[in-house]
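Trainee: Sequence:
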Amino acid sequence: MDGAAAARDPICWFDFVAVRREGAPDDRGVLMKTMPRNMLGVMRADGAMVAARWQDLSAVDRSYLRRGHVVAAASDPGGQIGVVTGVATALDVARSGGGGGRERQATAAARGVSPAGLRRVTEPSLGDYVVSGPWLGRVVEVSLDVDVLFDDGALCRITRAEHRLEAADQDHLTRDDTNCVVLYPGQRVAGCPSSSSVFKASRWIKGYWKPTRATGTVAKVDTAGVVVYWLASVQLLGIQASAPPHAYHPSPRKLGIFRSTAVEPSEWCVGDRCFFRTPRGGHKRGAATDAVGAPPAPARGRLMRSHGKRTRIGIERALMRRSHAESFERAMYVADTRTTVDVLWQDGTRQCGVPSTSLIIFKARNDHDFIPGQHVVGRTPPADNTPGDVDAHVVTDEPAAAAARFGVVRSLDSKNQTVCVSWFKVATCPAAAGATQADCCEEETVSAYDLARNLDEDFFYGDVVIRLRPAARSSKKKSAHDLSWVGDIVDLCDDGHVRVKWGNGNTSKVLPHEIAVVKHQSVSEMLLEIGDWMYDDEDMAQKDTTQQPTIATDNNDSVEGDEEDSGGETDLEAGPEATRTTDRSRAVVRALFRRASEVFAQGKRYLLIGDTPTAAAGGDEKAEADATGDDGTFGFRHFDVAQSPPDHHFLDNMEQGTAIGRKWTKRVQREWKILENDLPDTIYMRVFEDRMDLLRAVMVGASGTPYHDGLFFFDLHLPPSYPAEPPQVNYRSFGLHVNPNLYPSGTVCLSLLNTFGGKGAELWSPEVSSVLQVVVSIQGLVLTAQPYYNEPAYGAQSGTPVGRRNELPYSENAYLLTLQTMLHLLRRPPAGFEEFVTGHFRRRGQHVLRACEAYMEGCLVGTLDGEACLTEGSKERLCSAGFRLALHNVLPRLVEAFAGIGAQGCEQFHKFEAPSRSIGNLLSSSP
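Residue numbering for the sequence shown is 1 to 927, as defined by UniProt numbering.
In case anyone wonders, no lab produced these hints; they're calculated from the structure. Glycine included, C-beta positions come from ideal geometry on N, C-alpha and C. A portion of the hints provided could be inaccurate.
[Unchecked claim] Ranges between beta-carbon positions, derived for each pair:
| # | residue 1 | residue 2 | range |
| --- | --- | --- | --- |
| 1 | S721 | A796 | 47 to 55 Å |
| 2 | W13 | K425 | 27 to 35 Å |
| 3 | E529 | S798 | 47 to 55 Å |
| 4 | N754 | S798 | 45 to 53 Å |
| 5 | S798 | W13 | 16 to 24 Å |
| 6 | W209 | R119 | 42 to 50 Å |
| 7 | K210 | P36 | 52 to 60 Å |
| 8 | G112 | G23 | 30 to 38 Å |
| 9 | E529 | C352 | 35 to 43 Å |
| 10 | K875 | A724 | 21 to 29 Å |
| 11 | S798 | T34 | 18 to 26 Å |
Go ahead and model the full structure; you've got the sequences and the hints to work with.
Mentor: Shown next as structure tokens:
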């Protein structure tokens, strides 16, 4: 690739591109798919597919940009990001020739048409938001009736034509996420291979079926019915609730269509079929038109007089066929698009009329990429009992955390990771207090790591919302087409208000508590929730029409794995007898576990260490050697057998009615022996003689990573099906998301545990996999030097500007969360490991504080050696000012906690005891 090619704007899927070939005119179309021999498929406006090389493409337009898209400059994808706040698109439309076959003679119809001046072939269309009385829903399936006109004038009607007809032009390709439809007036169609007798079995309006009538032209497309997933209702806002309408709606014209400029069907793409919303040319929509839209010319009189009767009859029949053939309005197609957008950047600046090709959609947004106008909450001190702690076994009687501060983001410095916030003066949510601009005049620059989105007011540009009204104001019955209560967000105001454009065209500012965000789901997700459908020849019947409305409470872009049930089976509707049966089953299983453990414990010295007392003695010496600390005073065995702790995550996991056999017991014995002999120096394990199915592991974060000197605890459970199934593993998270593979819920996402996809050796194998492999994999593959790339979608970003932009903030935040985890562990150490936690931080506390001091001076996170000393990579890149500010805020608590346990060498770090919330000194002393 030459320098010019490397410096040009990137090419993205679904871009409108120009294909440049030497000595030939340019082709223009939409980049749609890959083709053999490293070629790319570009769909022209007329539907033809052409192959092109990547280096021959240049971006012309990106009409798919819409309000709410997070974007970056194409010339600087690693810089600051922004959000699209407005879109302006001008369309050129054309008409194709009226001939049959593959004739594609185009005639320009209009240039610079606004999307508002066009209508789609079918309305409502797939993905549209629709309203029926007090209910808002989304169209997830469309059924079409199509009239097909044959060349000899015959006409038939096809029901459910979307499943029975296909384009006669095999190279035609459509997109499901635009206004392009499968069938449109003027299109040449044939029966699908699976419905070869479609014309024979159809209703014939004119003429009758003949084998020669195999290909025809679409003359009319009607939306016969739609399937709607009902999302929300004003009935949730104080009116007496009622069941939603049936999912299948046979009268789509009775539905009100909410036309949001921020939802998928609003975009127009080259090749989309359309009609003028207001007919042009002086004739009514549906009147007879020729290929370019004018009424057919009458037969010339002299032509009729110059022929005999027989000839005149032939000409009359030909004209009649022409009249039939052209007695419908042919759909136009979008031939060109020109799109500009308005962008609000993170630094607070706004740009209007930005060419779409100078921007790219930014999908790698991290948790600290705030946008001006977003509502945020200041994170509570890390040592407090935060509501985010989801560990069911943690009980504390400490005072509740101080009231959180609520604010609105004014701007963000993406390089320094600092945010200018306007804090509300009220101590509670501004929505509840009716805050105004005067209540949020307190501005402060804080670390991005000390902020979190306010999930109670998590609004964003383009969100679809409904208006919340008191019951007294909402009691009036809604008409089917009333759109005054549904809208989308067009602006987030500095004073905490939200600007909404309602479906009736009005725009108003509202407070956050006056609206609710409608949960966004893909069409496929909604179809899956609706379930299967039964189709008749003329109609559809629903198997299950009961739906529960959904209102979003959290619009987090990042997706978390499903948390597994940690408790025993519980049936809330079971009677007393069922409860007694469950208790008896649990008692039986618990007794089986206990008996197997007792038998094993009697000979554990021989089973674990070896077959002779001599081997056992040697094992004890090894255990004592492994337990020796680096100063010779810290003794904690790497592996030991104890009694099950009361705070184990899987303590109540008893498989009902399942007997633990000898084969299972022998396998567990072998696992214990492997762990005893082969555990790495930085991993400690405890197994339990009264519960052989439970284990507890702790691993020390390695130097050279953001997790150095941290402690990470995992509870494991060996199910009765083990080793056919892998162990169940739960991470003690304290509600903190320290790694892409370790969720706040405690879920550990790893191929070896079958909690993430994989293949081959990555998956659990009953023959070769073991508990030791699990814990070593977590330490080596999860707690890595660059945890950002553990996210599968981000692995390909390594070495790219986007990757470099996000890898440092993720590592900085991971280290801050590791420090918070230390504080939680010192306050609430897991049972059985109290001595270990205290002893570890008593020895390593000075190294932790020494590392913090190096980071305060600008050293790159995760580049220190085992003694917290600088390495060659420590000055490759500087850490951010926001990280140093957040670190400065947490250090006093860390020093206090380490001093409280008598950690060695903490006296020199008392300079960090006075916290400061000002960033001025840190910015002025930037390295």
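Trainee: Now look at each hint and say whether the structure bears it out.
Mentor: So, going through the hints one by one against the coordinates:
{"no.": "1", "hint": "S721 x A796: 47 to 55 Å", "in the structure": "36 Å, violated"}
{"no.": "2", "hint": "W13 x K425: 27 to 35 Å", "in the structure": "47 Å, violated"}
{"no.": "3", "hint": "E529 x S798: 47 to 55 Å", "in the structure": "37 Å, violated"}
{"no.": "4", "hint": "N754 x S798: 45 to 53 Å", "in the structure": "26 Å, violated"}
{"no.": "5", "hint": "S798 x W13: 16 to 24 Å", "in the structure": "21 Å, holds"}
{"no.": "6", "hint": "W209 x R119: 42 to 50 Å", "in the structure": "33 Å, violated"}
{"no.": "7", "hint": "K210 x P36: 52 to 60 Å", "in the structure": "39 Å, violated"}
{"no.": "8", "hint": "G112 x G23: 30 to 38 Å", "in the structure": "32 Å, holds"}
{"no.": "9", "hint": "E529 x C352: 35 to 43 Å", "in the structure": "40 Å, holds"}
{"no.": "10", "hint": "K875 x A724: 21 to 29 Å", "in the structure": "51 Å, violated"}
{"no.": "11", "hint": "S798 x T34: 18 to 26 Å", "in the structure": "23 Å, holds"}
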